[in-house]
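Undergrad: Protein sequences appear in the order of chains A and B. Under our numbering, the residues of the first sequence are numbered 388 to 1285, in order. Under our numbering, the residues of the second sequence are numbered 7 to 413, in order.
The set of hints was computed from the structure by calculation and includes no laboratory data. Mixed in with the good hints there might be a few duds.
Label pairs and their computed distance ranges (CB to CB) [what the hints assert, rightly or not]: (1) A:L673 with B:S373: 46 to 54 Å; (2) A:T1199 with B:S303: 31 to 39 Å; (3) A:F738 with B:E263: 31 to 39 Å; (4) B:G216 with A:D1140: 45 to 53 Å; (5) A:G1046 with B:G216: 18 to 26 Å; (6) B:S303 with A:N974: 58 to 66 Å; (7) A:A721 with B:A412: 51 to 59 Å; (8) A:N1185 with B:A412: 18 to 26 Å; (9) B:S53 with A:D1194: 42 to 50 Å.
In silico EDC-like cross-links for lysine to aspartate or glutamate, where the CA-CA straight-line distance does not exceed 16 Å [stated by the list, open to error]: (10) A:K978 with B:E196; (11) A:K978 with B:D268; (12) B:K315 with B:D237; (13) A:K1130 with A:E1206; (14) A:K1226 with A:E1263; (15) A:K399 with A:E787; (16) B:K96 with B:E71; (17) B:K376 with B:D388; (18) B:K315 with A:E1206; (19) A:K843 with A:E959; (20) A:K978 with A:D789; (21) B:K408 with B:E196; (22) A:K1040 with A:D1207; (23) B:K96 with B:E56; (24) A:K1130 with B:E56; (25) A:K1130 with B:D281; (26) B:K376 with A:E719; (27) A:K1097 with A:E477; (28) B:K315 with A:E1263; (29) A:K622 with A:E599.
If you only want the chain A side, here are some residues facing chain B, beta carbon under 10 Å, derived [unchecked claim]: (30) I778; (31) A780; (32) Q784; (33) L965; (34) Y971; (35) A1035; (36) I1047; (37) F1063; (38) P1123; (39) P1131; (40) D1146.
None of these values were measured; they are calculated from a predicted model. Cβ coordinates follow ideal geometry from the N, Cα and C atoms, glycine included.
Chain by chain, the residues:
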Amino acid sequence: MAVTIVANAQTKITGLVLDKATREPMIGAVVSITGGNGVAAVTGVDGHFTIMVPNVAATVTVSYVGYKTLVEKVHNGEYLIESQTNALDEVVVTAQESKHLSTTSVIGRQAMDHLQPSSFGDMMELIPGGRAQDPHLTNPSTISLREAGGGDANYSTSSLGTSFMIDGAPISTNANMQYVSGGTDSQSLKRDFTNQGVDMRTISTDDIERVEIVRGIPSVEYGDLTSGLVKIERKRGGNNVTARLKADMGSYLFYLGKGLEWQPRKLSLNISADYLDSRIDPRNTLENYKRFTLSARLHKAWSTSRFNSSLSANVDYTGSFDNDKTDPDLNEGAVDTYKSSYNRWALTTSFSLKPSDHDSWFKVLNAMLATSLDNDNIKREKLVQLRRATIAATSMQPGESDAVILPYSYTAQHRVEGKPFNLFLKVNSKLQVPSTRISNSLLLGLDWNVDKNYGKGQIFDPTRPLYPGMSGRPRDISKIPAAHTLSLYAEENLKTTVAGNTLELVAGIRGSHMMNLSSRYAMSSKFYWDPRVNMGWTFPEFSVGNEVGFVRLAAGVGQHTKMPTIEHLYPEPVYIDLIQFNYYHPNESYKRINVMTYVIDPTNFDLQAARNFKWELTADVNIAGNRLSVTYFRENMTSGFRSTAVYAPYSYKLYDTSGIDADALDGPPSMDGVPFEETRELVAHSRYSNGSQTKKEGVEYTFASRRIAKLHTRLTINGAWFRTVHRNSVALMERPSQVVGDKPIPYVGIYNDIEGYTDEMVNTNFTLDTDVPRLKLGFSISAQCLWFTSNQRQPISNYPSEFIDLDGNLHTWQPAMAEDALLRYLVRNNTESMYDLFKVPFSMNVNFKVTKKFFNDHLHIAMFCNKIWDYTPSYERDGVTIRRHVTPYFGLEMNIKL
Amino acid sequence: MNMNKLYIISVLTLLLWLTSCSNDDDVARMVQLSISVQLPINLDNASLDEAQVVMTNIETLATCEVNNFEQSDNDYTATITVPEGRYNIKATGGITYAIGSSTTRTTMRAESMGVKVSDNTSITLLFNNYNAEAGMVIEEIFFTSSTFSGTQRPYTDDQYLILTNNSDHLIYADSLAIVESKFQTDMQWELTPNLMKDAITVSWLYLIPGNGTSVPVEAGESLVIALNAKDHTNINSTSIDLSHADFEFYDVSPNTEFYDEDNPAVANLVKWYSDLWSYTMLNNKGSKSYGLVRMHSSNDEFIANNFYKYSYIVNAAWGTYESTGDGYFIPNSWVIDWVNLAIRNEWAWNVASPMLDAGWTYCAETSSDKSRYGTSVIRKRDSSGRLIDTNNSTNDFLSRQKPSLAQ
């Protein structure tokens, strides 16, 4: 850096203020010249400042709330300031609350080493409201943030709307259509996570350097989300070989990674591989899960006199494989297998350009192109053994056709082939108005996301269906058009000091628009605008004895939008098959069953994006290196995606075959001349709507003490109170099941409320972690207290608001109808006691983890035992004693670093 | 089906009404006789109408009718003068009584054979509302269905019931209905209101069609009611030929999932009601019970008048709560025969009044007992070959039998 010295003139000094521990640039640090009058400069978005000093012997003071004030002789270059909370070599084994405005949990490498995870899902233990769970790796695992109780698939917009970014590139699941159509068996159902977001099992943790889980309101830079953001940053550089071998009660994992770094050339390459093998039970060889990942990440930086630039290129492969077989010995030799494979290749390139001149308005230009292509396959094979005469309608066309009589035993093969492709292009730039008073930046950007599935979809022989009786048909999903979303955003980031207080403001707006949609879709002409604001006010530091404290209050409010997935926009056609001619003959080849087929496009052209409105208040109190952060939040998403039943009348001919002379036949009877009655039936199909409401309310808190030097121990207390309401937000249809005479009840009720649940939970995790550097030993004891969980059904009406009849006519419900012989079936039977509160009282698990380093830190052995001790008392409900059982879970691992 | 022993005898009456009886030329000594008919004491708000007693002298075959009854408490009494001798006495009448919140009327019969009448004889006839019609009984229920040969995989289409005329006279089976209990014998509920002492509750009801004389069943003859009347041995060699059944269940539905075969050569039962829009099957574990009922109303009247809404307490593992349900009740007096079935080790209660069936029979030892398949419950016969009917299925049935129609 050039320093110009002009006689009797001022000298221009350019400095960079960094956190001493993390080397993060400190934005908004106040720089003043000793003896000068007031603030000389405030650091900008990249942590840089420029001041003019009268002489090069001057000293400057750099202050930043929460950091020790730094007084140094003026110089060009770095100014390292030290946090009051964390010592330089502090070991952090818990999630920390980010110092940024948006409520975010930050999990660093040390915390992961201590946690000993097998997949990303294990990290959920560390965030407020989390608790150690046994890994159930044989089922997909989706994320749940700030949520009590689990909603069913109709409330999965929360997990679908949590965006995962790895090194800035999204893991898109918008084109995931890996479900077994018509599936009713647990093998297929429990592994179906379409429209539920990312399967966290597929993310290996060993390459991860740092994770930020944004629970609050993320920057407008991030979109296509409603509920949260997970930002994963992976390791870069280093010259080590690392290996990890982990085994626990259900799985083993092997990881090998190598870093190559040529510092003079600013070039690094990291390559790694990871293999996970998990069984539902160590003795069960039939139901298992395997993961295999490969990663190669190249980084190169250039510096010229005008620009600093960098280029990253990552190539990743993830294979994720579920197998489930029924033991043929226990199944009379019958084949029953489920195999699902997920193979994802991702290529991400990103480029960043920064001017060398820190006074420039232009601060940075980022560009990213990320693509991924999957090859996903589900193979389901089963010996179908029918118990009674069963038919299958097979016509792909609307109209009349003969159904097939199924054999009593056949092998059904059902394949689901998906090839989701994602392209994500992102360009943004930060601009800054030079100011010595206000640290500011303006982020302007756009991104373009393309999702498309090139797979063949549901592949099976409709005459040998896996689920007999279900009116399913094969479907080629490669014909579905690609979904394009274009988003633009602008965000202003300000930080300034006002009479010793610090004001921070991040305010932005993001607009998103789905392209390539036919004009029949209401969304095709719609731009969704997400304004989001986070602001903070930090009061001046105060003294407590010899120590310093400060308090920050923050508030955030924002709108979030998740676009529907391809499956939401282009659901598979519904085939409604109505038996109209049913002729039995003792001679199988003389039987005839004729059906009327309707092919219904269940697309809801009025479908909108799901939107979640959040606000939150946070108090952050720091005293003498102890930090307490408490957030109260509310979120309301009334437009979550939901599959709803839609009834409509369909007409068909009911033939009277009694006049057919069975003895005169020499083949199936002709339908010509057979008398029939034109009749109709109310039949339902499912359709996506914005009919699910998820309302979240709660308090999250994290307290982290300073490490007590003599004991080498630190106390972390975190936890949450969550109250979540899941309920339908649009009127839904329900049909009584009864048959009077030989006709089903010819009415369908429309009810304003079908379901509603309020779940609540309060937990606190007390973690004492001890780090003895002399012994290279770290251990932690975590007492995880779940004070209670409760579940309560919300009252729902026993009476419909309206109903439809066999002609499809809509009628208003009148109270007197409850006495009608048929209409009374529309009255539902819910009693007050169904709305009783079910409360599960206190329980506590104690987890123990230990890590020890040997041989100059080359070998690192770690062990965990979750639930080593528990307090889980039995409790009474309505005079019934409910006993609870807890089983410990162990794991051991060895890490080698060369 | 004699339930008289279950009634408590009450006091005789006081008011006298003289009735003269027709008589032949023989002069026998005239004696005064007091006849009282007693209503079943378990009925709520019962009243008798159209009561008539017909006395037939065994020797002379002279008859005398009595219909002037006076009420006193639960008894209706008349005093008459008749020639001394032995009489067959038959009483008929209608009783109106309450079941839950609704009122029902049923016809009653009572008879007493070879009664010796002398001076100041008093005779008490008990109206038994459970024995309206003796004779037709359920002889067999093959509810477990068979398995595919050589496997334990069930083949469910070959279930059947056999109804047999156990009297010595012809009986018309039309308007008899086959019903399945709403409640299960392996899951006991506290019901409110509880109609069980007066009525059964059904989940489905199928009627034998006819105009009243279409389906004559001679004494000792049987009707085979098949779930699906076809020769099942063509599909499954260990199954049963039911192509010659007298009636079959057929559930007409456009829904391909509920496809049902309708053999045109075998008449269909008439479906009156079912809880579920699906195809009907007998519960193959035996946790539902089955009955034979004489219907006294039309389908529409039945649907309108016999609706039963109840609440019950569910004691689930996670707590106790009140739930409600609905179904259709049928007065016990309409019930001709009732057979409680159960899973042997999971029996919790009987789902009908002990008047109808004081016991239960079974095929399955436990709910997962696969050895139940291919076994049936068959009514015992006495030494004379007559079916035993003591209204106690524990005594009356042989459990786990080879189905009588199997080869």
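Undergrad: None of the hints should be skipped; say for each whether it holds.
TA: We went through each hint and held it up to the structure:
no.: 1; hint: A:L673 with B:S373: 46 to 54 Å; in the structure: violated (25 Å)
no.: 2; hint: A:T1199 with B:S303: 31 to 39 Å; in the structure: holds (32 Å)
no.: 3; hint: A:F738 with B:E263: 31 to 39 Å; in the structure: violated (57 Å)
no.: 4; hint: B:G216 with A:D1140: 45 to 53 Å; in the structure: holds (47 Å)
no.: 5; hint: A:G1046 with B:G216: 18 to 26 Å; in the structure: holds (21 Å)
no.: 6; hint: B:S303 with A:N974: 58 to 66 Å; in the structure: violated (41 Å)
no.: 7; hint: A:A721 with B:A412: 51 to 59 Å; in the structure: violated (25 Å)
no.: 8; hint: A:N1185 with B:A412: 18 to 26 Å; in the structure: violated (48 Å)
no.: 9; hint: B:S53 with A:D1194: 42 to 50 Å; in the structure: holds (46 Å)
no.: 10; hint: A:K978 with B:E196; in the structure: violated (48 Å)
no.: 11; hint: A:K978 with B:D268; in the structure: holds (11 Å)
no.: 12; hint: B:K315 with B:D237; in the structure: violated (41 Å)
no.: 13; hint: A:K1130 with A:E1206; in the structure: violated (19 Å)
no.: 14; hint: A:K1226 with A:E1263; in the structure: holds (10 Å)
no.: 15; hint: A:K399 with A:E787; in the structure: violated (87 Å)
no.: 16; hint: B:K96 with B:E71; in the structure: holds (10 Å)
no.: 17; hint: B:K376 with B:D388; in the structure: violated (31 Å)
no.: 18; hint: B:K315 with A:E1206; in the structure: holds (12 Å)
no.: 19; hint: A:K843 with A:E959; in the structure: holds (13 Å)
no.: 20; hint: A:K978 with A:D789; in the structure: holds (10 Å)
no.: 21; hint: B:K408 with B:E196; in the structure: violated (36 Å)
no.: 22; hint: A:K1040 with A:D1207; in the structure: violated (29 Å)
no.: 23; hint: B:K96 with B:E56; in the structure: holds (14 Å)
no.: 24; hint: A:K1130 with B:E56; in the structure: violated (38 Å)
no.: 25; hint: A:K1130 with B:D281; in the structure: holds (12 Å)
no.: 26; hint: B:K376 with A:E719; in the structure: holds (13 Å)
no.: 27; hint: A:K1097 with A:E477; in the structure: holds (14 Å)
no.: 28; hint: B:K315 with A:E1263; in the structure: violated (31 Å)
no.: 29; hint: A:K622 with A:E599; in the structure: holds (14 Å)
no.: 30; hint: I778; in the structure: holds (5 Å)
no.: 31; hint: A780; in the structure: holds (5 Å)
no.: 32; hint: Q784; in the structure: violated (16 Å)
no.: 33; hint: L965; in the structure: holds (4 Å)
no.: 34; hint: Y971; in the structure: holds (5 Å)
no.: 35; hint: A1035; in the structure: violated (14 Å)
no.: 36; hint: I1047; in the structure: holds (7 Å)
no.: 37; hint: F1063; in the structure: violated (12 Å)
no.: 38; hint: P1123; in the structure: holds (9 Å)
no.: 39; hint: P1131; in the structure: holds (4 Å)
no.: 40; hint: D1146; in the structure: violated (14 Å)
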